[in-house]
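**Student:** Residue numbers (the numbering used here): 1399 to 1713.
Honestly, the hints are just simulated from the structure, not real lab data. Misleading hints may appear alongside valid ones.
Using 25 Å as the maximum straight-line C-alpha spacing, the simulated DSS-like pairs for lysine-lysine come out as follows [stated by the list, open to error]:
#1 K1700 x K1711
#2 K1711 x K1461
#3 K1596 x K1583
#4 K1583 x K1461
#5 K1703 x K1583
#6 K1461 x K1703
#7 K1669 x K1461
#8 K1583 x K1700
With beta-carbon atoms standing in for the labels, derived distance ranges [claimed, not checked]:
#9 K1596 x D1502: 38 to 46 Å
#10 R1434 x G1708: 48 to 56 Å
#11 R1686 x A1609: 23 to 31 Å
#12 G1648 x L1447: 19 to 27 Å
#13 E1474 x A1420: 35 to 43 Å
#14 E1410 x G1667: 47 to 55 Å
#15 L1670 x K1583: 42 to 50 Å
#16 G1667 x D1502: 25 to 33 Å
Source: prediction; values computed, not measured. Even for Gly, the Cβ is constructed at its ideal location relative to N, Cα and C.
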Amino acid sequence: MAPPTATGDTREPTTRDRVEAAFVRAAFALFGALPRGAGLRLGAWIGELFYRFDARNRTVAIKNLRLAFPDRSDAELHEIARRSCRNLGRLIAEVAHFDELNADNVERFFTVDDPERWRSCLDRAAETGAIVLTAHFGNFELLAYSQGLLGHPVTLAHRTMRNPLVDRMILDMRAPAGTRSMPKKSAARILIRALRQKQLIALLADQNQTASAGIFASLFGVPACTTPGPARLAMHTGAPIVPVFLVREGETDHHRLVIYPDVEVADTGDKLADMVETTERCNRVIERALTEYPDQWIWFHKRWKTRPPGEPKFY
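The whole structure should be built from the sequences, with the hints applied where relevant.
**Tutor:** Written out as structure tokens, the structure reads:
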């Protein structure tokens, strides 16, 4: 039986919601009906079209990239944005083929860079629980799905989408691997319980937060309103923060599971200062991943949208 999933939006779907959901279902049906290789090629092509013709989102991506990599040429930045969009298209095609994956074949699609470090993470999770710090990076959906199939189900905080029908589709897509998706606004208690039950939880800590939900921590030298969730949970439970990213190899459907050293949790006795410092350290790890594999992230996300009081808008 699939684990429980929850959506944070219980409103009645609108006509627009139903049309959008029908379009998404049709797209996934198309990708799923195609052979895997053909589906990935189509996804990359659609991602290329998105890059070329969506000027508004392309402008956001280039603005973000100039901030992150001021020493790179415009041609380099545009190539990163293009490859990022192609990766996103492949991700969608891969998700459409999740129903073909099982414990016997899923390891054909990824290798672990440092098996000993990953085994250590899983062993510690069995003792204390573990917080997987990750991002909307590479194929982040496959990261949780593959581990669930291999006997390490993941509980994650889920940012509810505006369309409740599409939101439900995403949650139901994750469930066969044992993934539990909890609405971000009410997830803290469930995540703490999962850690105390010695489980893996995953937090995608790379998205802009509202001023009321986040704290400002540096990302590429610029204050970015960031979720303090990993820091709070680690401080509350003692569970380690283990940065993990699933990195696509070139333009293939094979990935590498990359594990960075644990984020050290600050412990000066000043809880607020420790939370801010630990969140800064989390951002430094995400910054490292984005620097080493820049075409793996979704650069058209308005990451620096929320500004500190008195600062002008960035977008």
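**Student:** Indicate, hint by hint, whether the structure satisfies it.
**Tutor:** Consistency of the hints with the structure:
1. K1700 x K1711: Cα-Cα ~11 Å, so holds.
2. K1711 x K1461: The given pair, whose Cα atoms are some 13 Å apart, holds under the 25 Å limit.
3. K1596 x K1583: holds, 22 Å
4. K1583 x K1461: violated, 29 Å
5. K1703 x K1583: holds, 20 Å
6. K1461 x K1703: Holds - the C-alpha atoms of K1703 and K1461 are around 12 Å apart, at most 25 Å.
7. K1669 x K1461: violated, 35 Å
8. K1583 x K1700: Holds, at about 20 Å.
9. K1596 x D1502: 38 to 46 Å: Violated: the Cβ-Cβ distance is about 26 Å, outside 38 to 46 Å.
10. R1434 x G1708: 48 to 56 Å: holds, 51 Å
11. R1686 x A1609: 23 to 31 Å: Holds: the Cβ-Cβ distance is about 26 Å, inside 23 to 31 Å.
12. G1648 x L1447: 19 to 27 Å: For G1648 and L1447 the Cβ distance comes to about 20 Å; the hint holds.
13. E1474 x A1420: 35 to 43 Å: holds, 39 Å
14. E1410 x G1667: 47 to 55 Å: holds, 49 Å
15. L1670 x K1583: 42 to 50 Å: Since L1670 and K1583 have Cβ atoms about 21 Å apart, the given range 42 to 50 Å is violated.
16. G1667 x D1502: 25 to 33 Å: Once the Cβ atoms are compared, 50 Å apart, the range 25 to 33 Å for D1502 and G1667 is violated.
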